[in-house]
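Produce the complete structure using the sequences and hints provided.
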Amino acid sequence: MLPALLRRALAGLAVVIGVVTLMFFLLRLAPGDPALLLVGPAASAEQVAAQREALGLDRPLPEQYAGWLSRFVQGDWGSSIATGRPVRTMIADAWPATVLLVGTSLVLSYLIGIVVGAIQATRGGRLDTALSVVTVTLFALPGYWLGLMLVMVFTYWARALPAFGAAGFDADFLTGWDRWADRLRHLALPLSTLTLIGIGGTARFVRGAMLDVRDAPHVAIARAKGLAPAAVTIRHVLRNALIPVLTLLGLSLPALFSGAVFIEAIFAWPGVGRILVEAVGARDYPVIMAATAVSAVLVVLGSLLAEALAAWADPRLRVPPGSGETA
Amino acid sequence: MGRSEAEGSAGLGGNRVIRNRWFIRDLRARFGLAVLVLIVLAAMLAPLLAGDPSVQRDIVATRFLPPLSTDLHGAFHLLGTDRFGRDVWSRLIYGARVSLGVGVLAVLLSVVIGLAVGAAAGFWQGRLGLLLLGLTDFALALPRVVLLLLLASLWQPSAALVIVVLGLTGWMTIARLVHGEVRALAARPFVEGAVALGVRGPRVLVRHILPNALTPVIVAAALGVGNAIMLEAGLSFLGLGVQPPTPSWGNLIASGRDTLVNAPWVATAPGVALVLVVVAATLLGDAVRDRLDPAGRRGSGAAGP
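As they're listed, the protein sequences go chains A and B. Per numbering that gives the first Met the number 0, the first sequence starts with residue 0, numbered consecutively. Per numbering that gives the first Met the number 0, the second sequence starts with residue 0, numbered consecutively.
No lab work stands behind these hints: they were computed from the structure. A couple of the hints might just be wrong.
[Claimed, not checked] Some chain A residues well away from chain B (every beta-carbon gap over 10 Å; in silico):
#, residue
1, Leu54
2, Arg122
3, Leu173
4, Ala187
5, Ala223
6, Leu304
[To be verified] Label pairs and their calculated CB-CB ranges:
#, chain 1, residue 1, chain 2, residue 2, range
7, B, Gly125, A, Arg27, 33 to 41 Å
8, A, Thr103, B, Val111, 33 to 41 Å
9, A, Tyr64, B, Arg126, 43 to 51 Å
10, B, Val194, A, Ala227, 35 to 43 Å
11, A, Val132, B, Leu127, 43 to 51 Å
12, B, Leu40, A, Asp57, 51 to 59 Å
13, B, Asp257, A, Gly164, 12 to 20 Å
14, B, Val260, A, Val132, 26 to 34 Å
We put the beta carbon where it would ideally sit given N, CA and C, even for glycine.
Okay, here's the thing in structure tokens:
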């Protein structure tokens, strides 16, 4: 198991390096010049050239890349071209918010999705059909639109929940329980948006996986030896059906982080996604690169974790290197 | 595609599908197909069904009219008007042309790339195959929307750019699917037979293997169109996709965002249309897949944005 995981970790590192390298050259090849944005449209050609030199943008591309990579690895992430703030501080402030939002919604949507999918697969009939309609609709909802609808209902009509940010303006004056309540109220809408959509996908997948396992020989034997139906469902069907679900968890992480970018943009959630959207607009190279690298690392770590979990749940997946069917 | 070889691939027989009329009995297939046909027809016949989506006369009198109301000029507005007094129904119908068009073209592009990469990787299994598979896995690990955001915001936003960007970031699942199919088919007797008869290299791949590998690709493409329309709307929503005044469902939702309080119908209508299309495409894809491959009934769980 360990060598396989090590191999995966190396592959993950290669992916991270690949992503940041790709981004670096894409950014430099694309039109748009941060120096131009910084000095303004009225600046003379010399001023632009001076600004480019100050930012190191006049050097050859490979040299810029090597310089950036070595500084980045050593922990010198530079400072934002647009705001002048150190990039590390910006990211350090932002990533807990993203992890809180994505992590909580991941846990909630998998827990609820597994229960819903399991009920569908075991009960069948009308309940299954009704829940299928619900889950396929949830699955089809675009996050940004669901977010808007929730804001319309809960913020504008019911005036119950805040639609922007992670904490109220008066958050610093709140203490104890009030402070927590304020946080939770701000988390409610973005979290519900991400979670509702996640439930749709997970429940659909779990239902299918359980239906696949239901007809397996070991389940027939468990039934034949007189095990209670609930025990068969939980110990023999659900448990085996969860293995592909764990693999899916790893595969869906990039999509989840991507989805969070939209949600953070809508709800002004102070996470990495919002920083990225703003930095892209301002051609803020150091910030874009750092946000990309951090999200790539988070995604790779997440899928490694999911793979380790799957290997723990299913001994068959602990295969020697060379036959990796779980990608 | 449907040549005589189609019978060679076990369980994927195109004939049986028609003979059993399962299509009419499966509720999901019926619903999905009906909705998609209706919406595609509406998009094609847009000039007959709706007025000019850009028309606006005296804004003050005709803006923010609620659904089912008639303005001063006697024009009826089924879904009301937006803040410029433009008819939401017209913009929705004309927006369908843009959104569906972009979605379908983007998926076509990813199918072409995915077919080429997957077929080559499955057929030439040596170093080239490994290289292509590695490339596919790498691309699959990229955070798609982050890439979309960067590409779409770095160049001038347009419908063409959205198609290219979505196509270039969506081919991986198709490539994997084709790779698996081609590998499995390459070992089958009818292919060995073709090789024994002297058919060589690429011709075996194109004439004998690929036609039999296409069916699952078509299912994946149907599911992909829904996803692509959703992503197009997402990019347009952030202002990085199709630019107003050209209506697309995404920029319609975005424009409704600012008037959520006094005109909630502006953002609601295109969203409902979007959900309907994605649900229809998903159900149709599910039904076809269940039919083609009763052993693997799994719903695709990879969540969109």
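Tested hints:
no.: 1; hint: Leu54; result: 17 Å, holds
no.: 2; hint: Arg122; result: 16 Å, holds
no.: 3; hint: Leu173; result: 28 Å, holds
no.: 4; hint: Ala187; result: 18 Å, holds
no.: 5; hint: Ala223; result: 23 Å, holds
no.: 6; hint: Leu304; result: 14 Å, holds
no.: 7; hint: B:Gly125 / A:Arg27: 33 to 41 Å; result: 35 Å, holds
no.: 8; hint: A:Thr103 / B:Val111: 33 to 41 Å; result: 40 Å, holds
no.: 9; hint: A:Tyr64 / B:Arg126: 43 to 51 Å; result: 27 Å, violated
no.: 10; hint: B:Val194 / A:Ala227: 35 to 43 Å; result: 55 Å, violated
no.: 11; hint: A:Val132 / B:Leu127: 43 to 51 Å; result: 45 Å, holds
no.: 12; hint: B:Leu40 / A:Asp57: 51 to 59 Å; result: 57 Å, holds
no.: 13; hint: B:Asp257 / A:Gly164: 12 to 20 Å; result: 19 Å, holds
no.: 14; hint: B:Val260 / A:Val132: 26 to 34 Å; result: 31 Å, holds
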